[in-house]
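Those sequence lines, one after another, are chains A and B. Just so we're aligned: 189 in our numbering is position 189 of the first sequence, and the numbers increase by one with no gaps anywhere. Just so we're aligned: 159 in our numbering is position 159 of the second sequence, and the numbers increase by one with no gaps anywhere.
Treat the hints with care, as some may be off.
What the hints assert, rightly or not - Below are the BS3-like pairs computed for lysine-lysine, each with C-alpha atoms no more than 30 Å apart in a straight line: (1) A/LYS330 to B/LYS41; (2) A/LYS330 to B/LYS26; (3) B/LYS109 to B/LYS52; (4) B/LYS52 to B/LYS41; (5) B/LYS53 to B/LYS41; (6) B/LYS144 to B/LYS161; (7) B/LYS124 to B/LYS109; (8) A/LYS202 to B/LYS26.
Derived from the structure by calculation, the hints contain no laboratory data.
Below are the chains, spelled out letter by letter.
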Amino acid sequence: MLLSIELALILEKLALIVVVVMSSLLIAMYATFAERKVAAIMQDRRGPNRAGPFGILQPVADGLKLFFKEEIIPNLSSKFLFILGPCLAMLTAMMTGAVIPWGDKVHFFDRDIPLQIADINIGILYVFGVVSMGVYGIMIGSWASNNKFSLMGGLRAASQIISYELAMGISLIALLMTTGTLSLKEIVEQQQESWYSWNIIKQPLGFLIFLICAFAECNRTPFDLPEAENELIGGYHTEYSSMKLGFFLFAEYINMFLSSAVMVSLFFGGYDIPFLNDAAFAEKIGINWMALLHAGMFLLKAASFLFLFMWVRWTIPRFRYDQLMNLGWKVLIPLALINMLVTGAFILLQQNNWHF
Amino acid sequence: MRSLSKAQIITYMQALTNRAKQVERKPMTLLERAYLPAIFKGMAITFGHMFKKRPTINYPEVKRPFSPVFRGLHILNRDEEGRENCTACGLCAVACPAEAITMEAAERKAGEENLYREEKYAAKYEINMLRCIFCGLCEEACPKDAIYLSETFAPANFQRKGFIYGKDDLLIPNPITEPEAFAEARGNRAQVAR
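Make a model of the complete structure from these sequences and hints.
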């Protein structure tokens, strides 16, 4: 009896993992396409429209092209680490998806299956840990290339992520003081009431800082210094070719999608559908359909964040390195600290029934 | 000689236009240093561009219409009964400033009245498209309305000899046996030229 339950659990988690990994790969694939389309539309161009109707097969064509290209491993590179770099970048990019609640739950075979791979009680810390691991892929890959430009890119990535992780963490502390939990599932459930219970209302400044830091963590413009192509050739992936390059580029898009997902769960109510009484509506159409609606809403929110990422990329020029460091250390960290102090004072006042 | 300071040189120098402006060096205001308003302004501009009309023409599916005075590849014309107009008078070759046209004349035999309109015709008619400058003087010189420039241009080729167009390349399709091809090759330009 015990064994059968265990087996079912393993099967359901396995299915969930496959679905999440596959869908985030697919979304990342089409994010590359969307990126090119958005860029084109914002520059009054048409964008890729040759492969398939409206060019929707373009990502497939791009992937095939990368697969068929020659794999070049530089002679003087450290071969094991050279291959490990992109693998690590890809792996850490995929791992974040494990703690994100994609929907409430579905009901199949007399079992309630939560739409979250692992509801660990330190969910957001796990996300932080994995995201910081992401820089290892870039650093190892860039160092192993044995190329000065690559190394510069890797160093920039490392210092940038370390600088912005601090501000991100402090802005998050303020949020966690209001939620009182580290579990992403609980944070999302707290925001289910209505749109004004979303954390963005409680923590607007915290969200802004988190957003800016998320841009920096994903190495997106205006913080794309690690791969600044006009300064460092290609930055950390100068020496990479074929699918190893593809992995680096792909990891960026997966990172983008998953940090959008994290932002949605933390600040925008996760899978909550605004202006709708979810519980009453779920009674009407059944749990499974509701879960589908929830997941759709979640993806819609995440997609709008992806659009924001692209929109910013095609608007703002890259920071200079000293500007980047100034913004990180002299602006964002003090702001985040002030935000944390103000939030703490408010919570203390609230607990004291608004008496000083 | 007394040396001038930089400011003096600037005041002595005569400005060529009145558009020269002193570079502003005043420190940024707080709003400008906040950086975000400028970002939102820029993002509004890029967002606005999403609704602009795109000037691109999807080339192979949609073709840009030729101007009515466009001068493209030459066509040797036929009359309504499908007979060649050209009498190999050589006026086009004489008019050609690039000396791109050569021809050989021949006499029409009995029984060839359905092929050639007049007693003399061009047995060989060649235009070197690499020499041709598409000026259209041949068309103006022709007394028989036999040659005119169409709305296409010479496609790429791997060899020079591929650009020497003979009669089989230049001659318009027969209007009686292939009316559609004739109409297509004729285009709108023949009417304009007349």
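Okay, the hints, checked on the actual structure:
1. A/LYS330 to B/LYS41: holds, 24 Å
2. A/LYS330 to B/LYS26: The given pair, whose Cα atoms are some 22 Å apart, holds under the 30 Å limit.
3. B/LYS109 to B/LYS52: With a Cα-Cα distance of about 65 Å, the restraint between B/LYS109 and B/LYS52 is violated, given a limit of 30 Å.
4. B/LYS52 to B/LYS41: Given pair B/LYS52, B/LYS41 holds - Cα atoms ~17 Å apart, limit 30 Å.
5. B/LYS53 to B/LYS41: Judged against 30 Å, a Cα distance of about 21 Å means the pair holds.
6. B/LYS144 to B/LYS161: holds, 28 Å
7. B/LYS124 to B/LYS109: Roughly 16 Å separates the two Cα atoms, so the pair holds.
8. A/LYS202 to B/LYS26: violated, 38 Å
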